[in-house]
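*Asks:* Top line first, the protein sequences correspond to chains B and Y. Residue numbers for the first sequence follow this note's numbering, so the first one is -16 and each next one is one higher. Residue numbers for the second sequence follow this note's numbering, so the first one is 15 and each next one is one higher.
Nothing false has been slipped in among the hints.
Derived DSBU-like pairs: lysine-lysine, alpha-carbon spacing no greater than 30 Å straight-line:
#, chain 1, residue 1, chain 2, residue 2
1, Y, Lys193, B, Lys221
2, Y, Lys45, Y, Lys62
3, Y, Lys128, Y, Lys162
4, Y, Lys250, Y, Lys193
5, B, Lys263, Y, Lys28
6, B, Lys263, Y, Lys275
7, B, Lys95, B, Lys11
8, Y, Lys215, Y, Lys155
9, Y, Lys45, Y, Lys58
10, Y, Lys58, Y, Lys122
11, Y, Lys250, B, Lys221
12, Y, Lys58, Y, Lys128
Taking CB as the label site, the calculated pair distances span:
#, chain 1, residue 1, chain 2, residue 2, range
13, B, Gly227, Y, Leu344, 39 to 45 Å
14, B, Thr175, Y, Gly367, 54 to 60 Å
15, B, Phe167, Y, Lys289, 34 to 40 Å
If you're looking for bench data, these hints aren't it; they were derived computationally from the structure. Built from N, CA and C at the ideal position, the CB exists for glycine as well.
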Amino acid sequence: MRFHLSEEQGAIQDAIRGTLADSLPSEKLHKLIDGEAEFDRESWDALMALGLGGLMLPEQYGGSDLGLLDAALSAEVGGEGAVSGPLIGQIATGLAIAESDDDDAKSAWLPKLATGDAVATLAFGRDWLPESWDVSAVGNRVSGSVRFVQAATMADVYLVGLAGGKLALVEAGEHVEVQPLESFDRTRRQSTVIFNSAPATLLSADSGRIFDVALILAAADALGGAQKALDMTVAYAKEREQFGQPIGQFQALKHQIAQMALEVEPARALVWYAAYAFDKGLDDARRAAAIANAHLSDRFVSIGRAAVAAHGGIGYTWEYDLSIWFRRSIYSRAYLGGPAVHRERAAQLANW
Amino acid sequence: MDLSYGEENESYRKDVREFLKVAWNPASVEKPAMKAYIAGFREKATGKGYLYRAIPREFGGSQQPVDVLKAQVIREEFARARAPMEVGGNGMNMVVPTLLERGTQEQKEQFIRKTMSGEYIWGQGYSEPGSGSDLASVRTKAVLDGDKWVINGQKIWTSQGMDATHMFMLARTEADAPKHAGITYLLLSLDHPGVTRQPIKQITGGATFCEFFFEDVTTPVAWQIGDRGDGWNVSKTTLKHERASIGSADMLGHQFAQLVKLAKETQRNGQPAIKDPLVRDALVRIEGWVLAHRYSSYRLFSHAAAGDPPPSVGLMMKLLLTEIGHDIALTAEDMIGDEAMLEPAPPGTRGRGPEKWLDQIMGSLGNSIAGGTTNIQRNIIGERGLGLPRDPAMGA
Ligand SMILES: Cc1cc2nc3c(=O)[nH]c(=O)nc-3n(C[C@H](O)[C@H](O)[C@H](O)COP(=O)(O)OP(=O)(O)OC[C@H]3O[C@@H](n4cnc5c(N)ncnc54)[C@H](O)[C@@H]3O)c2cc1C
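This is chain Y alone, in the form it adopts within the complex:
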């Protein structure tokens, strides 16, 4: 085993660092010019091959050969310099990878650049009031009319839905086919008179997801990804990308470091809480899990770098992250005491007090539902990971 990146990658790291020193100087930029400065920076970084590596040049990417290690070096150096990486969100995380794998040339030309530039903002139109964990039961219907699909139905819990300009959707197109085989993966513009949307206030009180209603909304057949009736398989490529981006050891490491900081700053019985044996024990107990998660992500990383299939621990990362996040949150709540009875001001507000830890509680709670609930994760671990007999009620 060897956790170093090797000489070639270390010299690559130097190049990245040099580049950042020259190209990323936000302190020199006035606030109104910042947006353009960031866009320009991303363009330069893409020119160097640091960003949008998986995306072909013809669509605005840097088209680099797959190199997990170099990609990691870039992430580390950008994080260190606090420089912006690629534009985030559903579009880059889910739609673009799916287009790259399954899209036509025209679709790639049409959508990738505009998603990268942030012009197109994508909502994920999967869940419906009647279809959540049992996603393959979606009922939103699309019917073919010449070269258009005509969509009727409802989607719900769409994150960023109020800002979205476009949606990627699972729609039922084959009424008589078995449920998994009757779904088609469609892209559509939300700028259509048949689309109505309503925000739904989250339990956090802040950020919203929303509910969509579709009445004879049309989208070109040319915007369908993959074959008719093959949407379930196409969506699996999407979910795979989503799962891979949820398990983030760095984020967890950061949360744990914040927790330790809180324990140092909180006074208890006339001394810092971190001197309290119960707190010390709780912290190291959590750290055992945080590190198990981190080193397991090294394992996944190492397998990916070698081009090997991921080990079974890959199926566990989301649930692990959810549970550890919850433990961190509860331990923090114990430390902040009565302050946990205050409503936290929205993230980014100046002067937030210890009650900001409630964000962590809400975040890990959301994590236990979004992207496949905890029970669904346990099904996956039990059935796919351990080979336990499948529940016939759940189908394929």
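Only chain B is shown next, with the shape it has when bound in the complex:
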């Protein structure tokens, strides 16, 4: 019985943390959110060089054959560092291809996804859930419009949700039109993507599983973001003085911050369990994914709000880093369906 991270897992998280600190420091994040680029290529490439794209892919295609738990631990650090590329899309797309029985697609895409030579993003559509997807397929051509596709202008390939809950792979090109949206989370910008009879590779992977992977990675990202907002708040409360003492010595604020910690730290094990249950194929895996995602979506927004409040005026500025994570929390809550959606799914999965 072991329910804590191995030294190696901790070391991997530290390596990603260090890479993000070096390649995506605060100044670059601000340049990104004030600029036009959809994501920061240099830090993305640095993460891909660490092997994040291939974490869950078979070794024969350049992957490291690890489980979702390891991917979630990476996504968590990504959330902590405000990773700007479509990390969840990259990992989920790779897995969708790896779990399909199409060797040509595997050889064509997996090595590139593992190294980051190709960027993949999710184009699920409608209400996110597989049963709501509505891009239509005629033969191996797909048509339809999908809103809220992250990093769409820079993506090389889209994992598209088809009517009937199937998945297809579509390469960027002349049959794919991208219309950027004015996005609230400027580290994860969105577009509408229109597929005009675009050539597609139909995938046989179980879309429910791929959706669960995305849900768990998103929960891990939210956990990392919430932890970051908490850490910033603790540091600020130790350093900022009013009335001649650090504000963190005032019990009202101390208790508010303790309450934040009470939201973050116990939630960590919820994310771990969901990933573990997926990896082991446990009966409650799907429900665990839904509950973890709903819970973390709520926690992140709650922490984001409390963190801003604890900072006072500086927290309410564009320039202070917290704005970045606050905006990420709002994005996280909506992404892949809001918490109420996944709670209702969890209720159904329990046959309530």
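With chain B's structure known, arrange chain Y with the ligand on it following the hints.
*Replies:* Quick look at chain Y with the ligand alone, frame taken from chain B:
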């Protein structure tokens, strides 16, 4: 990560199960003989190494090497068979661990067996009318007279106080020392003419705690645990044991299962309440917290099994339990509606209606005070967990 217990422990589980099949058959026992049957069962289970594992053989325990996993396997199998585990209460949870860590050989010989057998029932004599959260300010005084301590003062909120035969107490012995350094940890018999006690009816209307008055009550110096003036540190070993036993994921899981059952059985708008979208949402919302608590307890368990220090989430378990317990209670109250205006009959009474959920409300309320209030828990999380600056008024 791996939540399985491994082959060795699974084969151990089989042994435990086999043992229980043979040794625990309460259905075959007449009611008057039950008490003796249970005592005999505990003796056999101890002989097998299943109970009182931390207690040396010479004091009546089974003296097993520390093995968190085997202990958990035993708990699970006993729970499944509904077989009695160790005798509970303050004595086993607090006094015995403290004796094992800090007691003398004579003290261990004198108290452990009798506590295990239930002959000695212990009250926790910490709180006083003037000292609760600020426990180190206790004023009950003990003065040395030859080989005896002479105790004068008052203790309050003592759970099980009316049944207690003995007390473990924090008393001020060094009038001039700084407050934390002037306390000694004493054991005493309550069978003394200078002891008076009065029950205090709880807000539940039922179970009582009580108030104690001490007038020249004596206890042998040989019953003092640890050094004179070191009682604060000795009491911390006690509190540590108490905190560890409060956070119980299984109990919470059981309460949540009961809540789901209630939602299935309650009719609302001509259908079971569990079909109501608001109820479904509330249930899964709570379940998120219940599971976060459960898996966090796995984390603590895993660290303990590996012999690693506990992660910071350990400081949060009591507050988490209190808050989740309250959420469960309120959601239940919403479902039982007007029945919440009835007084519940005492637990164990036959035919209790839905108003029995009020016990849950009262229980989580008590939890928010006993063993360190919610505010004190938040201080601990903020200061020890997050390293926020300490409040100088609160001292060490
Ligand atoms: C059901 C039950 C069983 C109990 N059993 C026992 C027992 O067996 N033996 C025993 O010794 N005691 C027992 N107690 C007593 C319990 O330990 C105390 O009630 C508790 O420690 C609080 O002390 P107090 O009642 O004096 O409240 P106070 O300490 O006066 O607290 C009152 C309020 O002030 C707040 N407060 C106090 N100090 C601070 C601070 N520094 N910062 C912020 N807020 C603060 C508290 O959070 C609380 O809200 C029991 C209590 C209950 C409810």
